[in-house]
Each structure stands twice: as structure tokens, then as C-alpha cells.
Amino acid sequence: GQQVMQIPQYQHVQEGEDFTTYCNSSTTLSNIQWYKQRPGGHPVFLIQLVKSGEVKKQKRLTFQFGEAKKNSSLHITATQTTDVGTYFCAGPAMYSNYQLIWGAGTKLIIKP
Amino acid sequence: DVKVTQSSRYLVKRTGEKVFLECVQDMDHENMFWYRQDPGLGLRLIYFSYDVKMKEKGDIPEGYSVSREKKERFSLILESASTNQTSMYLCASSLSFGTGTDTEAFFGQGTRLTVV
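First to last, the protein sequences are chains A and B.
Taken in order, the first sequence gives residues 1 to 112; the numbers are from my numbering.
Taken in order, the second sequence gives residues 1 to 116; the numbers are from my numbering.
None of these hints come from the bench; they were simulated from the model.
Some hints could be false.
[Claimed, not checked] Computed footprint of chain A on chain B, listed as stretches where at least three residues anywhere in the stretch have a Cβ under 8 angstroms from a Cβ of chain A:
no.	region
1	32 to 43
2	48 to 59
3	105 to 115
Everything numeric in this text was worked out from a predicted model, so none of it was measured.
Note that the Cβ used here is the ideal one computed from N, Cα and C, for glycine as well.
Go ahead and model the full structure; you've got the sequences and the hints to work with.
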């Protein structure tokens, strides 16, 4: 069935280092969404990418959507403690107009 | 701001009990969802609803049912709670579906359910 694979599951970084998470879909996606979940919190929408090759920036966060619209990445430059949390990607399900298929998430951990 | 409110933040229930989780949204969204979140498994869709009294099964509906009598309220029911239903339950709503805009999901704060 349709899957969205997200790697890595965890990433430990020193504060100030960069962080990247990758999503790969088994099918072409019409769009992809990214969410952030802080520890103890709920997922919060960050952005939606729609166009092939699209790149969007939000301050230190850079989101990319692949040319084939099957992969996407989120890159954070110079991580800060406020970036800690789990980042999820999600794309529309092919078999249902209503569902999102979610990646398993990448947990960003800042080393003390 | 969209607000999605879940009735309880933490809940402890006994095996075999019937459990009701309530969710209310205040933005007149058509679509509402119930997810279950477990470590390493991401978000798994239990049920969703695209209109009042309309519901559809998600990926893991077994042991659950839902009710949507009013547009703003979507209830998740555990018919007979079991220990393997111990989890974080997240309610969400969205304005629209599919490939267009306004499809982002707005989540409630979550209910951490423990079944003992």
C-alpha cells in the first residue's frame, strides 16, 4: 500500500548544528505537508508544498519538494532549543480523498 | 485561531469499560478526524467524518466507533476498553480535503488514555 517513509527516526545535534529530515513517498504526491510536535504537545502545521521542485523558507527552516514529487526534506540551520520536537511529513492518500498518509516522524534532540 | 478542544488531557479507565472521548472544534470545519499516536508508529487514523452523521473507517477502526451528531463535535467511543488501547488520542479538524488549499489539520491537545 501507499507509504511515506521518514528518516532518521531520531537526530541528536549540538545546539547550533544543522538538522535535516527526509520523507520519501511510494507514490507521487499532489502536495506534502509538514508539522511540528513539541514534547508533550500536539502536531502543529508548518507548511504545505505543492509544486514540483518547490523550495520554501521560514526563517531558519527550509522545505523542499522533489522534482518527481515523491520526496521532501526539512532542513533547520543552526538549531536552537526551541526547535526541539518531532517533525512529521504527510501527504494525501491516493485511495481516499479525505486521508493523509503520515511519516513516522523525526525527533530532534539537542545534546546538553 | 482555530481551536480544537478535547474533553480530557489524561484518562485512566479499567479493562472492559466503555470510554467516550469528546472533541469540539470552533471553526465550522467540515472534516474531523481521530488519530492514535504511539511511539515509533506516527499517527494512525482511526475514523474520520466529512459531514454530520457521516463517518468512514481509517486504518485501525477495530475496537472503536464514532459519533458526529453536530458539526462541531466528534466523539470517539471505545466499546470495551482493552490494555492495548492505552495510547495518546488526537482529534483534528480541517476545512477541506484532498489536493487543494486549506487542507491542513488542526489538532487538539490530545488525550492520554491508560487502560488498566
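Next on the checklist: Tell me the hint numbers this structure goes against, listed in increasing order.
Outcome noted: none
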